Amino acid sequence: MLSDDLVPYSREGLVSFLDALGSFAPREEAVSLPGGVTGELLGYLYLEDEVPVVALRVEEAARKRRKDWEPAARYLVERGLSAGLFVFYDGEGAYRLSLVHARYRGTRKPELSHYKRHSLIARPGEPNKTFFQRLRRMAENPPGTLAELLEIFSVEAVTEEFYREFIEVFEERLARGVVGEASSGEKRDFALAFVARVIFLGFVQKRGWLGGREDFLQDLLKRYEKAVGLGKDRFYREWLTPLFFRALKAPPGEKELSGLGLPPEVEKALKEAPYLNGELFSPKPGVDDRGLYLKDEAVRDFFGFLFAHNFTVEENDRYEEELELNPEFLGLILERLINDLGVEGKGGEVGAHYTPRVEVDLMCRLALAEHLHRQGLPLEKAYGLMRGEVEALTKEERAFAKQSLLEAKVLDPAVGSGAFLVGMLQVLEEVLEDLGEPRTLDLRKRLLQNLYGVDALGWAVWMTELRLWLAYFVELPDSAKASKEPLLPSLGLKVAHGDSLVQTLGETIVPVKLPAKAEVLKDEKVRKAYEALVAAKEDYFHNRGVSREEVEEKERAFLEAYAWRALLGKGQQPGLLVKGEAEQTEERYRQIEELLRQRERPFFYLLDFAEVLLGPKGGFDIVIGNPPYVRQEEIRDLFGRFDPSAYKGLLQRSAKEDLLLATPYTEKTAPAPSGRSDLYTYFYVRSLALLHPKGVHVFVVSNSWLDVQYGAWLQRVFLEAAPLRYVIENRVKRSFRADVNTAITVAHAPDPERKVPPDWPVLFVAVRKPFEEVDLLQEVLEASRQVGFASKEVSR
2 MLSDDLVPYS REGLVSFLDA LGSFAPREEA VSLPGGVTGE LLGYLYLEDE VPVVALRVEE
62 AARKRRKDWE PAARYLVERG LSAGLFVFYD GEGAYRLSLV HARYRGTRKP ELSHYKRHSL
122 IARPGEPNKT FFQRLRRMAE NPPGTLAELL EIFSVEAVTE EFYREFIEVF EERLARGVVG
182 EASSGEKRDF ALAFVARVIF LGFVQKRGWL GGREDFLQDL LKRYEKAVGL GKDRFYREWL
242 TPLFFRALKA PPGEKELSGL GLPPEVEKAL KEAPYLNGEL FSPKPGVDDR GLYLKDEAVR
302 DFFGFLFAHN FTVEENDRYE EELELNPEFL GLILERLIND LGVEGKGGEV GAHYTPRVEV
362 DLMCRLALAE HLHRQGLPLE KAYGLMRGEV EALTKEERAF AKQSLLEAKV LDPAVGSGAF
422 LVGMLQVLEE VLEDLGEPRT LDLRKRLLQN LYGVDALGWA VWMTELRLWL AYFVELPDSA
482 KASKEPLLPS LGLKVAHGDS LVQTLGETIV PVKLPAKAEV LKDEKVRKAY EALVAAKEDY
542 FHNRGVSREE VEEKERAFLE AYAWRALLGK GQQPGLLVKG EAEQTEERYR QIEELLRQRE
602 RPFFYLLDFA EVLLGPKGGF DIVIGNPPYV RQEEIRDLFG RFDPSAYKGL LQRSAKEDLL
662 LATPYTEKTA PAPSGRSDLY TYFYVRSLAL LHPKGVHVFV VSNSWLDVQY GAWLQRVFLE
722 AAPLRYVIEN RVKRSFRADV NTAITVAHAP DPERKVPPDW PVLFVAVRKP FEEVDLLQEV
782 LEASRQVGFA SKEVSR
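Going by my numbering, the sequence shown opens with residue 2, and the numbers climb by one from there.
No wet-lab data here; the hints were simulated from the structure. The structure displayed is predicted, hence computed values, not measured ones. Note that the Cβ used here is the ideal one computed from N, Cα and C, for glycine as well. Careful, some of the hints might be misleading.
[Unchecked claim] Cβ pair distances, simulated, as ranges: (1) 151 / 309: 18 to 26 Å; (2) 400 / 525: 29 to 37 Å; (3) 41 / 173: 45 to 53 Å; (4) 479 / 23: 42 to 50 Å; (5) 12 / 138: 17 to 25 Å; (6) 113 / 407: 36 to 44 Å; (7) 113 / 151: 14 to 22 Å; (8) 780 / 148: 19 to 27 Å; (9) 291 / 765: 25 to 33 Å; (10) 209 / 291: 30 to 38 Å; (11) 440 / 771: 25 to 33 Å; (12) 540 / 440: 22 to 30 Å; (13) 753 / 407: 22 to 30 Å.
All chains, please: the whole structure from these sequences, using the hints.
This is the structure we're talking about:
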C-alpha cells in the first residue's frame, strides 16, 4: 500500500515509489549544499533535464522555514539547474516532498529570488489525504516533463479537487442538515458560518491550544457519541455552541460554563481555551439568532471530509506554496460559493473574482515601489528594494524607506476575502526584514493597524478578518494561550461592511474626504472631538478596555461637533455636505441629527476611516484591489436602498463629486461618467479620490475601458488629471476563472492644483508568458528608464 511505504519517511520507501515511475535512476551518495548543509542524493528524475532528488534532515518538517530550503535553491543555482525534488524530513518521520524550481523563464540566468518551493506534507498519524491523492496521480500518470511534474505540485489543481469535494458535502450534507424555519439561502448562510468557525478552530487546534490536542474537535465528537449517542441532534446546540460563543470570549479559568451538562473533562478543556476575542466568536445577527442548528450526521460528515486534510496555519507566499488546507482556502471557498450558489441572498451580481497570489504579490510590490519613489527614494532603488536588493541604498535611504513602509496606510475598497491585505502584509514584512527590521509580533500588529478594507458583502468582511486574525495568531508564542487579555486585535474598525461607492444622507452625497483647503478641523471643539475619536479607535484595536459602543459614542460626538461647524458655522470653508442656501443647510443638519439617533448608521469613509482621511496626509498612501466585475445592465444597490435606475444616477453623481473634490476639474470641465459604464469604472474614480496627492493607485480590472466608447470619460481622467504609469496586460494567461480580459494599472493620485503634463508618458506592457515566469519588476524598471519616468516624477 502507498501509505505503508511512504509514511513515516523512509529512504527505501520513497526510492521504491520513484523507481516505479520509470524515469528515475537511483543514486546513493552524500552531497554538500551551500551554507555547510549536508544532504543525501537519492537519484535523478530524467525529464527534459535531469532533476536531482535530494534528502535533507531538518528540525521540524511541518514548519515553513525559508532557511530550510534556501540551501536547496542555492544548490540548484550553482549547478545551473531549473528544478530539483527535495525531501525535508525530521526525527519524527514527518517530511515535505518539495519541488523547488525557478519560476523565471527569461534570458537572464536565474537568481535565488526566482526559485519557489511547492510542498506536499506527510505526518505520521494523520490522514495526509492531499499527499496521497497527488502521489497516486503521479504513480498513475508518471510525469515525462517538468511541466507535468509541476502539475502534480499545483496548488490550483489541489484547490479545484478540494472545492469539488467541499461543495458536494456542503450542499448535500451540511446545508440540508440545517434544522429550523428558514429559506434554503438562509440555511446555506448558517452552514457557511459553521464552516468558517470550524476551519478557524481547526487552525487553533493545530497548535494544541484546545484541550492540548491537535484533534480536539474530532475527539469532542467522539466523546459526544459515547456520552449522548449520535442521532440525538444535540451536538451543535449543547456542545459546539458553548465552544463557539463562550469558551473563546473570556480568559482561561473565568468562563461561565457550569450547568450546561457537559462531561467534566470537556468543561475543563473549554474553560482553559485561549481568550481569542474577535467577532468570529460572537453570534451573527440574522444567522445565529434564528434558532437553527445542525443534525449530528451533518456535522459528522463535514468533520470527516475536512479533517481528512492536513491543516497549515501559515499563508502561502511568493516563495512557498504548501498544498495543504491553509487560510487562503477560505477566500477561494467564498468566491466560488458566491458565484455558484450565492450568499446573503446575493450571487453573480456581486462580481467577485479571486485574484491569483502571483498577481497580488506583483501588484503589492509595484504599489510599494511607486510609493517609496513618490516619497523621494530614487526609482531604481525603490524597485530594486522590492526585488531584495538593499546594498545600493545608503544608511539614510534605508532608514527613510523603513519609516515610509511602517507608516503606509493601505486600502482595498472591495476587499473580498482579504487577498490584497494579506499580500501587502507579507510583502511589507519581507522588505522590512531586508531593511533590518526583524519579524516580530509587534511589527505584525503595527502593520495590521495600517490595513483597511471595505466590502458590500458581510461574509467578505468576516473572511478578511478571519485571515488577518490567523496571520497574527500564527506568530503568538505558546505562552500566550494562558493570557488573561484578548490575544487578537480588534479589526472591526479596520475592515468595514458598507457601500464603497454611494454614501448618502437621504439623497445628498457625502464626500469621502474634505476639500484640500477646508479648515473646519482648526475649530477647537471639532479638533478635540476628532482627537478623542482617534484615541478611542486606537484603544479599541489594542483591546485597551474601550468597547465598540464607546467608539460609536465618540463618533456621534465628533459628527455632531463637526456637522455644526461645517454646516452652520459662520465663515468656514465648504464642509461636509453642502454648499448652498441656508434652508438647504439646515435640512442637511436635521438629517445628521436623525442619523445620530439611529442605532446603526451606514458606512461613511469620512467618519469610519477619519484617522486617515482627516489625518495629516488627508488620504491613503495606497489604494489597491480587484473591484467587482458587474456589467452596467446588472448594476443594482446591494443594500436595497434605491432602485437600479436611481442607484446608477447616484453612482454618476458620486463620481462627478469625486472628480471635483480630488482633481483640477471644474463643474464645466469634468468628464461626465457614461451611463453605459460597468461598475469597476466608478471604483477607479472613488479610489483616486481616497488617495492623498502623493498616493499610488493599483487595480487589476477588465481592460474594456481602454477600447470601448463608455471608457472614454475614464481615459480622459487619466490623461488629464491622474497620471497613469503602467498598463500591464497578460496575453497568454487570464487573471481569473472569469471570461474577462484584464489589465493591471498603476497610477499616481490626482493633484487638485495641477493637470497631468501633456508629455506625460504611459508605459503599456504586453506580457507573453505567465506572470510567474517573468521578472516583471526588472522589466518595468528597464522600460521606465527608457521613457524617463524618474525625471517626470521630479517635474511634478
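A quick look at each hint next to the structure:
Between residue 151 and residue 309 the Cβ separation comes to about 25 Å, which falls inside the hinted range of 18 to 26 Å. The hint said 29 to 37 Å for the Cβ distance between residue 400 and residue 525, and at roughly 36 Å that hint holds. With their beta carbons about 47 Å apart, residue 41 and residue 173 fall inside the hinted range of 45 to 53 Å. For the hinted restraint 42 to 50 Å between residue 479 and residue 23, the CB-CB distance of approximately 46 Å keeps it satisfied.
Our hint of 17 to 25 Å for residue 12 and residue 138 holds, since their Cβ atoms are close to 23 Å apart. A hinted range of 36 to 44 Å is violated for the C-beta pair residue 113 and residue 407, which are about 26 Å apart. Between residue 113 and residue 151 the C-beta distance comes to about 19 Å, which sits within the given range of 14 to 22 Å. With their beta carbons about 23 Å apart, residue 780 and residue 148 fall inside the hinted range of 19 to 27 Å.
Between residue 291 and residue 765, the C-beta spacing of about 52 Å breaks the proposed range 25 to 33 Å. Taken as a hint, the range 30 to 38 Å holds for the pair residue 209 and residue 291, whose Cβ atoms sit roughly 34 Å apart. At roughly 29 Å, the beta carbons of residue 440 and residue 771 sit within the given window of 25 to 33 Å. In this structure the hint that residue 540 and residue 440 lie 22 to 30 Å apart at CB holds, the actual value being about 26 Å.
In this structure the hint that residue 753 and residue 407 lie 22 to 30 Å apart at CB holds, the actual value being about 27 Å.
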